[in-house]
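Protein chains in written order, with full-length UniProt numbering: chain F, 1 to 101; chain C, 1 to 188.
Listed next, the in silico EDC-like pairs over lysine to aspartate or glutamate satisfying Cα-Cα at most 20 Å (straight line):
1. F:LYS92 to C:ASP88
2. F:LYS38 to C:GLU90
3. C:LYS83 to F:GLU96
4. F:LYS38 to C:GLU94
5. F:LYS38 to C:ASP88
6. C:LYS83 to C:ASP34
7. F:LYS92 to F:ASP44
8. C:LYS83 to C:GLU185
9. F:LYS38 to C:GLU95
10. F:LYS92 to C:ASP34
11. F:LYS38 to C:ASP34
What the simulated footprint calls covered on chain F by chain C, stretch by stretch (three residues with Cβ under 8 Å from a Cβ of chain C suffice, anywhere in the stretch; the number is not a length):
12. 31-44
13. 60-74
14. 77-84
15. 88-96
So, partial list: chain F residues that the calculated Cβ filter (under 10 Å) puts toward chain C:
16. PHE20
17. ALA22
18. ALA23
19. PHE25
20. VAL27
21. ALA48
22. VAL49
23. LEU52
24. ASN55
25. THR56
Rather than coming from a laboratory, the hints here were simulated on the basis of the structure. We put the beta carbon where it would ideally sit given N, CA and C, even for glycine.
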Amino acid sequence: MSVVDTALVAGYTVGEFLLFAAAGFVVLAIGMLYRAVKGPTMQDRVLAVNVLGTNTVVILALLAAALSEPTFLDIALVYALLNFLMAIAISKFTVERGGVL
Amino acid sequence: MTGLEPVVAQVTAIEASLLVFVVLTALVTALARDVLAAVIVFGAYSLGMAALYTFYRAPDVALTEAAISAGVTTVLLLLTLAKTTRIDHETVFEEVNLPAAGAAGFLFAGLALTMGDVPAVGSREAPVWSNPDVTQWYLTETYAQTGVENTVMAVLAAFRGFDTFGEAVVVFAAGIAALIVLHREVFA
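Please model the complete structure; the sequences and the hints are all you need to start from.
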């Protein structure tokens with residue numbers, strides 16, 4: 001019996017609690033989507049997507065812990081790198097038009 | 001397989017919130033008036049999609065989604081934008097084209113009708129189990145035959161290796177063709 005299966009509060013196990021936390025982070029991501037859509041400037045959108053990416057890394061890490069699948073952390077790592085690449089590419093595009101990478 | 005059913009039964013909160021996020025980002029991507037905003041929100045869409053794939057225990061698909069959709073597609077679309085022009089718009093959203101929306105609605109309804117016949121996740125009644133001789137052969141013999149622990153990976157890289165090799169050749173040829181069209185034959 002791993003830590004994930006131990007009871008925490010009100011009959012919920014640690015794994016279930018982590019999954020609820022991940023769901024909470026997704027709700028926060030939906031809130032952040034408002035800034036990505038509304039803008040008004042491109043910088044707002046770039047920052048919003050950067051925060052969304054970091055949010056996704058946290059969600060993936062929580063899923064890895066809750067579902068006892070350590071390999072999911074690899075996806076979180078790939079996403080952390082890609083998130084950085086995306087932010088750099090969009091920022092460069094908005095500052096010096098024509099240059100992406 | 002037996003451990004999967006209770007997990008799926010109890011975790012609807014994260015599934016539901018992820019699906020809401022994915023549908024919202026998809027709608028915004030389709031309706032955004034500004035192309036750059038659509039590209040950025042599409043990046044967010046693939047972030048949510050990869051989290052969903054990960055939750056459905058498909059980490060290989062999630063990795064591909066991350067690399068292709070969030071990474072390569074975003075950069076390719078930005079490159080295309082840099083080569084063309086981007087018009088500034090007053091409004092945030094596009095007007096909905098009603099005939100196109102109606103056609104998409106019919107397609108959605110048609111696909112939704114088939115959902116009743118889809119077996120439950122992890123179900124023993126699923127068609128993939130209807131031919132146990134084949135599925136069990138792959139599950140038991142894969143490691144002995146190929147030395148690869150992951151059955152899906154073994155099918156892709158070993159049992160149908162020449163097919164995958166052919167796909168790699170096609171992708172490589174497409175990359176060369178794209179470089180020739182972009183006049184980038186030489187990396188200097």
